[in-house]
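Enquirer: Here is how the chains run, residue by residue.
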Amino acid sequence: MKQQKSLHRRIQEGKDFGTVLPALLFLGIFVYYPVVQVVRISFTNWNLINDNYSYVGMKNWIWLFQGSGTKYLINSLKVTALYTIGELAITIIGGMLFAIIFNRITKSFSVMRALVFLPKYVAMSSAAVVFIWILNTQNGILNYFLEQLGQSRVNWLGDRNRALGSILMLTGWRTVGYGMMIYIASMRGISSSYYEAASIDGASKFVQFTRITLPLLSPTTLFLFVTTFISAMKVFQSVDVLTGGGPYRSTEVIVFMIYKYAMEDFRMDRAATIAVFFFVILLAITAATMKISSKRVNYDA
Amino acid sequence: MTHEPLSHDQAALLNQRAIAKRKVATVLQYVFAIAVTLFMIFPLYWMFITSVKSQEEVLLALPTFWPREWHFENYRNVLSRANFSKYYYNTIIMTAGILFSQVVTGVLAAYGFSKVRFKGQKILFLIVLGALMIPLQVTFIPLYIMFANWKLTDTFLGLILPEMVSPYYIFMMRQAFLTVDDSYIEAAKLDGMGRLGIITRVLVPMCKSTLITITLVTFTNGWNSYFWPKIIAKNETRRVLTVGLVHLRNTFAGLDTMNNHEIMAGAVLAVLPVIILFFVFQKYMLTGYEKTAMK
Numbered sequence: 002m003k004q005q006k007s008l009h010r011r012i013q014e015g016k017d018f019g020t021v022l023p024a025l026l027f028l029g030i031f032v033y034y035p036v037v038q039v040v041r042i043s044f045t046n047w048n049l050i051n052d053n054y055s056y057v058g059m060k061n062w063i064w065l066f067q068g069s070g071t072k073y074l075i076n077s078l079k080v081t082a083l084y085t086i087g088e089l090a091i092t093i094i095g096g097m098l099f100a101i102i103f104n105r106i107t108k109s110f111s112v113m114r115a116l117v118f119l120p121k122y123v124a125m126s127s128a129a130v131v132f133i134w135i136l137n138t139q140n141g142i143l144n145y146f147l148e149q150l151g152q153s154r155v156n157w158l159g160d161r162n163r164a165l166g167s168i169l170m171l172t173g174w175r176t177v178g179y180g181m182m183i184y185i186a187s188m189r190g191i192s193s194s195y196y197e198a199a200s201i202d203g204a205s206k207f208v209q210f211t212r213i214t215l216p217l218l219s220p221t222t223l224f225l226f227v228t229t230f231i232s233a234m235k236v237f238q239s240v241d242v243l244t245g246g247g248p249y250r251s252t253e254v255i256v257f258m259i260y261k262y263a264m265e266d267f268r269m270d271r272a273a274t275i276a277v278f279f280f281v282i283l284l285a286i287t288a289a290t291m292k293i294s295s296k297r298v299n300y301d302a
Numbered sequence: 004m005t006h007e008p009l010s011h012d013q014a015a016l017l018n019q020r021a022i023a024k025r026k027v028a029t030v031l032q033y034v035f036a037i038a039v040t041l042f043m044i045f046p047l048y049w050m051f052i053t054s055v056k057s058q059e060e061v062l063l064a065l066p067t068f069w070p071r072e073w074h075f076e077n078y079r080n081v082l083s084r085a086n087f088s089k090y091y092y093n094t095i096i097m098t099a100g101i102l103f104s105q106v107v108t109g110v111l112a113a114y115g116f117s118k119v120r121f122k123g124q125k126i127l128f129l130i131v132l133g134a135l136m137i138p139l140q141v142t143f144i145p146l147y148i149m150f151a152n153w154k155l156t157d158t159f160l161g162l163i164l165p166e167m168v169s170p171y172y173i174f175m176m177r178q179a180f181l182t183v184d185d186s187y188i189e190a191a192k193l194d195g196m197g198r199l200g201i202i203t204r205v206l207v208p209m210c211k212s213t214l215i216t217i218t219l220v221t222f223t224n225g226w227n228s229y230f231w232p233k234i235i236a237k238n239e240t241r242r243v244l245t246v247g248l249v250h251l252r253n254t255f256a257g258l259d260t261m262n263n264h265e266i267m268a269g270a271v272l273a274v275l276p277v278i279i280l281f282f283v284f285q286k287y288m289l290t291g292y293e294k295t296a297m298k
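Heads up: the protein sequence lines correspond to chains L and R, in order.
Reading the first sequence from the start, the letters are residues 2 to 302 in the numbering used here.
Reading the second sequence from the start, the letters are residues 4 to 298 in the numbering used here.
Some hints here could point you the wrong way.
Lysine-lysine pairs mimicking PhoX-like chemistry, simulated, CA-CA at most 20 Å apart [stated by the list, open to error]:
no., chain 1, residue 1, chain 2, residue 2
1, R, Lys-26, L, Lys-206
2, L, Lys-16, R, Lys-192
3, R, Lys-286, L, Lys-121
4, R, Lys-26, L, Lys-16
5, L, Lys-16, R, Lys-122
Hints listed in this document are in silico derivations from the structure and should not be mistaken for laboratory results.
The task is simple: from the sequences and hints, build the whole structure.
Expert: Structure representation (structure tokens):
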């Protein structure tokens with residue numbers, strides 16, 4: 002009797018396990034196994050042109066850190082860092098400003114909020130194609146406006162000092178509404194008693210904002226910081242469509258560099274090496290932010 | 004420091020001033036908000052307006068902000084000449100496949116990680132969450148080689164397979180299922196319901212709003228996906244809208260800006276389903292990201 006029961010329970014437990022099995026199998030085959038593979042490929046001379054490959058030890062790693070690849074890596078890291086700082090500033094500072102402007106509970110404001118948030122849902126490729134048209138040097142509407150203001154035309158995407166900024170215009174357009182929505186949601190979570198107490202004490206609106214709102218929004222800011230940081234590091238699409246990494250590699254972010262080596266030069270070995278290095282950076286950033294989040298943030302709201 | 008008591012008149016004056024000040028602030032806020040909204044919506048407006056202009060009108064030195072004539076045949080041209088109907092078909096099949104499989108595997112796994120107990124559950128859940136930290140941008144090289152060996156390039160299966168399971172979906176649905184009290188499940192068991200009955204007739208209806216929200220996010224991510232489709236489906240046969248639109252622009256690029264009205268028509272076609280969905284399900288779409296943030 003007892004044995005039967007335990008058998009029954011074992012079957013039940015097996016069926017329970019069965020509900021998570023499909024997901025685990027897929028993640029195993031299509032996420033975890035490729036990680037092992039990408040590390041392995043970084044120690045080979047694999048390219049898609051030859052059928053065979055052999056292990057070459059640290060050759061690719063030396064190429065990346067002490068060889069002809071180093072200057073491209075440094076360039077990519079610089080571009081990615083600049084881009085990431087830009088997207089962080091737009092999402093957090095811009096999102097906060099937008100939240101202040103749009104945080105009003107009326108019907109018309111909720112319509113406007115929806116419109117400001119909408120670009121987030123517009124496919125990046127469509128948005129990029131539209132921005133290419135808007136930024137066009139000859140017929141673009143932006144240069145038309147500039148000329149009306151007495152400025153000269155600007156080569157937005159073809160100038161190596163401007164291209165990254167132009168990409169950020171597109172990214173900013175898509176993400177600023179997202180930052181706004183997140184901030185508004187948590188601003189509404191702040192108890193009004195804080196503000197009432199502060200205004201009885203005679204604190205101005207500005208002081209109330211810096212002393213109450215900002216500190217109590219710090220978990221939200223951290224959330225935005227971490228998620229935006231990680232997603233900005235992975236930027237690819239806007240670069241691919243707007244500039245293709247150019248001009249003169251001035252917008253060649255790290256994922257675009259990986260992509261180019263793999264899918265244009267078919268150098269799987271070199272691409273894999275950069276990818277592994279990129280993965281290590283991502284993990285380090287995630288670990289670091291997790292550590293910070295457990296300390297320096299105010300969770301009192 | 005003590006304050007002198009205010010006379011009645013003084014107090015009334017101060018009050019009036021405060022009200023006037025508030026009114027000015029409100030008007031300013033409206034003006035500001037409307038200006039910012041117009042600015043933000045302009046690229047979409049410009050996309051649409053350009054898409055219905057004639058080629059001559061697009062190239063005018065003085066741009067027109069309202070089309071002189073409406074040329075809806077631009078849409079027909081894009082759909083026929085540039086194979087856009089094919090891209091549409093491919094995108095629909097790919098998105099449907101991703102959606103179906105993420106919902107099924109996601110809901111099942113969310114149940115398995117919230118409402119039952121089995122050995123090794125905690126570690127397995129950590130493995131699921133760990134997958135969130137491994138982006139496709141790192142793993143696409145071996146995946147591409149794998150899929151090429153399996154002859155899955157330029158196939159629907161190739162497009163769908165890597166996106167069939169979403170750790171994000173599992174995580175969000177698990178959070179929702181955890182809020183359902185176990186007594187409902189006990190009651191359902193007493194009624195003789197099995198696992199599937201409990202999931203489809205108790206848990207899913209009770210977590211409907213989360214399910215809709217997360218599924219909409221899955222839909223838009225699938226519909227808008229670009230990186231993997233670009234890698235795995237390079238040929239015309241299985242090209243999706245996002246990649247096809249860029250391809251369209253690049254193949255027209257020899258003519259520089261000559262075909263911008265048609266490219267914009269393509270862009271409108273590519274985003275239209277998502278925009279319609281956004282307005283229909285606004286309530287869910289607006290909260291979707293907030294829910295993620297509040298966890």
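Enquirer: Confirm or reject each hint.
Expert: Hints, verified against the model:
With a C-alpha separation of about 16 Å, the suggested pair R:Lys-26 and L:Lys-206 falls inside the 20 Å cut-off, and the hint holds. Straight-line distance between C-alpha atoms of L:Lys-16 and R:Lys-192 comes to about 15 Å, which keeps the hinted pair within the 20 Å bound. Distance check on the hinted pair: R:Lys-286 and L:Lys-121 sit about 15 Å apart at the alpha-carbon level, within 20 Å; holds. A C-alpha spacing of about 64 Å is found between R:Lys-26 and L:Lys-16, which places the hinted pair above 20 Å, so the restraint is violated.
Note on L:Lys-16 and R:Lys-122: the hinted pairing holds, with a Cα-Cα distance of about 12 Å set against a maximum of 20 Å.
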